Structure formats: C-alpha cells, structure tokens
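I would like the entire structure built from these sequences, with the hints used as guidance.
In order, the protein sequence lines correspond to chains P and E.
Numbered according to our numbering, the first sequence spans residues 1 to 205.
Numbered according to our numbering, the second sequence spans residues 1 to 268.
The reader is advised that the hints may include incorrect statements.
Ranges between beta-carbon positions, derived for each pair [what the hints assert, rightly or not]:
| id | chain 1 | residue 1 | chain 2 | residue 2 | range |
| --- | --- | --- | --- | --- | --- |
| 1 | E | Lys235 | P | His25 | 51 to 59 Å |
| 2 | P | Asp130 | E | Ser111 | 48 to 56 Å |
| 3 | E | Ser136 | P | Gln61 | 54 to 62 Å |
| 4 | E | Glu254 | P | Ser126 | 25 to 33 Å |
| 5 | P | Asn136 | E | Gln118 | 38 to 46 Å |
| 6 | E | Asp197 | P | Asn136 | 39 to 47 Å |
| 7 | P | Lys135 | E | Thr72 | 21 to 29 Å |
Since the hints were derived computationally from the structure, they do not count as laboratory data.
What you are looking at is a predicted structure, and each value in this text was computed from that prediction instead of being measured.
Beta carbons: idealized from backbone N, C-alpha and C, even for Gly.
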Amino acid sequence: MPQIPIAIVDYGAGNLRSVEKALEHLGHKPVITSNPKDVQNAPVVIFPGQGIAGPCMQNLQESGLLESLKERAIENKPIFGVCLGLQLLLSWTEEGSQDCLGIIDGKNIRFPQKAKVPHMGWNGVSQTSDHPLFKNVNDKTQFYFVHSYYAVPYDTSVVIGTTEYQIDFASVIVKDKLAATQFHPEKSGVQGLQIYSNFLEYAID
Amino acid sequence: MLSKRIIPCLDVDAGRVVKGVSFVELRDAGDPSELGKFYNDQGADELVFLDITASSDERNTMVDVVQKVSETVFIPLTVGGGVRNLANIRTLLNAGADKVSINSAAINDPSIISDAAQAFGNQCIVVAIDAKTINSPPETEKGHSQYGVSSNSQWEVYSHGGRRQTGIDALKWAQHVAQLGAGEILLTSMDRDGHKDGYDLDLTRTISQNVQIPVIASGGAGNPGHFKEAFVDGKADAALAASIFHYGEVTIKETKQYLAQNGIPIRM
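Shown next as structure tokens:
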C-alpha cells in the first residue's frame, strides 16, 4: 500500500502515541495535530480517544476541531473513530449527560452494574455483515476493549460488528467512509493492525 | 465472552528486568523491550512494568523504556512504580502507557486517584495493593478511621515496595479506591509473592467479590493450574506472573492452552 498522509486528531484525549506507532508500523507517516485545517484536509483522519466525554467535547469545540470533523463527515471524507472517538460520533452520551457530534444518530449509555465496569479486556467481535474492514479478520476475533459506556445507534444498519458483555452492543460502526470501533485496534495485536490496514485501503479506494 | 487475561509483569530496576523473591532477593532476567516483544508474540494479553525500587529511592519511572516498548508492542501497557502526581501520570501516558499504576502515592493522599480519574478517565488508573495476612490483630484500631485495620481485618496494606506497614485494611482500602474512581486493582499477596505455591485465593476472592472493578491477582503463580484457581476460585479478572514466565518454566502459550482446555475463556 502507498504511504497515506494521516492526521491523528489531538483533542486532549490520551492514547495518541499508540495510534501513531501502530500506523508507523504499517509503513505510514501519521501526524498528530490539533489544527482544524489539517483535520479538514488530510486524506484520512483518525479520531482516537480515551478519557472523559465532557472535557473532550469542550476541547473539540474551543479548538474548532468539532466543525472540521462535521465538515468531513458531510463531505464523506474518511474518518476512523476509536473508543471514545466512536462514542463522540453519536448524538449524546450519558457520561456527564453530554451532547456529542451527532454525526451518527444515537446515544451512549452506561453498562448496567450486573458485571464489572469498565468492560476491560479482550472480547470477541461478531461480524454481522460482510465489509472490507473485516478483510483477513476471522469472525469472533478478539480485540482489546476498555470502556464503561456503549453506543446505541438508532439506525442499526450502520452496525457491522457486535460484542457481548452483559448485552450485545455495537462494537464496529460503518457509514460510508466513516468507520469506528469501540475496541482499540492499536492495542489488539496483529489483528488490530489488520483493521487499520483494511480501513486505509477502504478509505482511499 | 470477555476473556480472562494473562499478564506477565516485568519488574524493572535501572532499565533491566528483575524479579525478587518476596521483594528482597533480586535476579537479573533481561531487557524490557525484548521481553515485551517476546511476550507479545507469545500471546500475552497485556504487559505490566513496575519500577520496583522507584518509590523508596525517589527515582523517576522509566519513560524511555515505555517509549521504546510501545514502538513494537501493540497490546496494553501498564506502568507503575514511583508514580507520585498527575504530571508523572501524564508523562507516562504520553510515552505510550495505557494505564498507570499507583501505590504509595495513593496511600499518602487518596485524592490522587479521583484527580487522575477525572483528568485521564478511570480506565487508565490502576491502584496497586500489596497485602499481607495479619497474624495478630491489633488491640485498638489504628489511624485511617475510614479504612484502618480493625480486629476483624484479615489483610493489611503495605507501601513502598512492601517495606512499610500502613495500618490500612486491604478490603476496605480496595473498596475505597474503587469508589474514588480507580479503573482496576492490581492485588499482590506479599505472603505468596515469589513462592510459586499458588495465588492467595481467599484474598483474591474477598477483594474481587467486593468491588465492582476488575481485579488482577498477583503473587504466587508456579504452574498453569494456579492461574485456573485464580480465575475459578479466586474470581480474578486477570492474573499476573513474572518469574514463572521469565525463566521459561512454562510459556504463556502453554498456560493459555491449559486454561482453554479447562473451560476458562481465553484469547488464543
């Protein structure tokens, strides 16, 4: 695959370096940036995340990154959301009762406390539809999760992978050139790297 | 189904991996980066790096070790040892750590847990608890009114790499740190650590069943059966081990195969 310019959105959420190293490992030259113009213009944007919804949304608003991401979504330019980066794509989250980007209709709610929260560790993803994102990735492959809230998209046709933890929740979402995983591909070994590689191929296709 | 995690722990002293028997006798067991990659390739579910002497020697943690490891290892990294404040945590997370483990600093001032959870999210805040069986219960309750050792306490918390008695009840402390926003507890039995005769199942089960966050059992792994016990009888969410893996007595792969054959949900 040719080297693809990738912007990793820096909005005060953690985990950026891991994403950067994973993409470098695949032979690309990602740039960590908080510049709205970079985020608007880059061929591919990774929207990572680890942290708390409220402060992260505030940071996105104040930096102008929020508008860049919404613009990209409207123009159907590739965005890959990871973990909190998936949740923030939806309309709202129960975490601090916070409005989010609203790129995908739906909300995020907290896991019931019947089992331990956060949902932390390796869990399987059931592929509910055939998609290039899953190329060379077996059904039920395990990926690394760590989160206390989960996404509930209203239009279930955007869900292409689900994971079971107390309930079945949406763990992989795709809407045109927008994709997002609740798990961390950069922390999920070889199979996680495969997901990034698949997305890049799909994004520039 | 969520898998039980197998976590090799790399105790680091001056950039080298060492493992002590009950925290005293140290032996050299290799380079952190190489070992990290090796365990990653073997199927480790996470890696823990502990700078075991940092707390007492006032030494800073190994930021460059973390940086180097995170360039080649794509599984979660937890780093602990000598973490004193939010700035330390931020530095480690920026270097590539996914979680930071806090021990003595939380005992000195528990508000570091809530502050860190608010700043970085509770998913990356691990509280390490070194617990030791109480042989003779105190006649009167020691300080720490909220979580101090009392006559019905079974385990006491130690700080500073197991060198300092704190007067804190391990169970009450575990519940307190969970309430403050810890995302996970790394629970080490000082009685078992380094002895390879199995985890302290009573301690592990007591803590794990009384908190709503994941608990990593630590201290005492000597064979694959001990991991099974930690999950089945100890109710642990993850199990950590060091020397058993470092010296090749049993590999992570063999351990996981054994667990899978015995009906434990495991990532192969």
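Against the structure, the hints:
With their beta carbons about 36 Å apart, lysine 235/E and histidine 25/P fall outside the hinted range of 51 to 59 Å. The supplied range of 48 to 56 Å is met by aspartate 130/P and serine 111/E, whose beta-carbon atoms lie about 50 Å from each other. Under the hint 54 to 62 Å, the C-beta atoms of serine 136/E and glutamine 61/P, about 59 Å apart, fit the expected range. Our hint of 25 to 33 Å for glutamate 254/E and serine 126/P holds, since their Cβ atoms are close to 29 Å apart.
The hinted window of 38 to 46 Å between asparagine 136/P and glutamine 118/E holds, with their beta carbons roughly 40 Å apart. The beta-carbon spacing between aspartate 197/E and asparagine 136/P, approximately 44 Å, falls within the hinted interval of 39 to 47 Å. Hint check: lysine 135/P to threonine 72/E, Cβ distance near 24 Å, so the stated range 21 to 29 Å holds.
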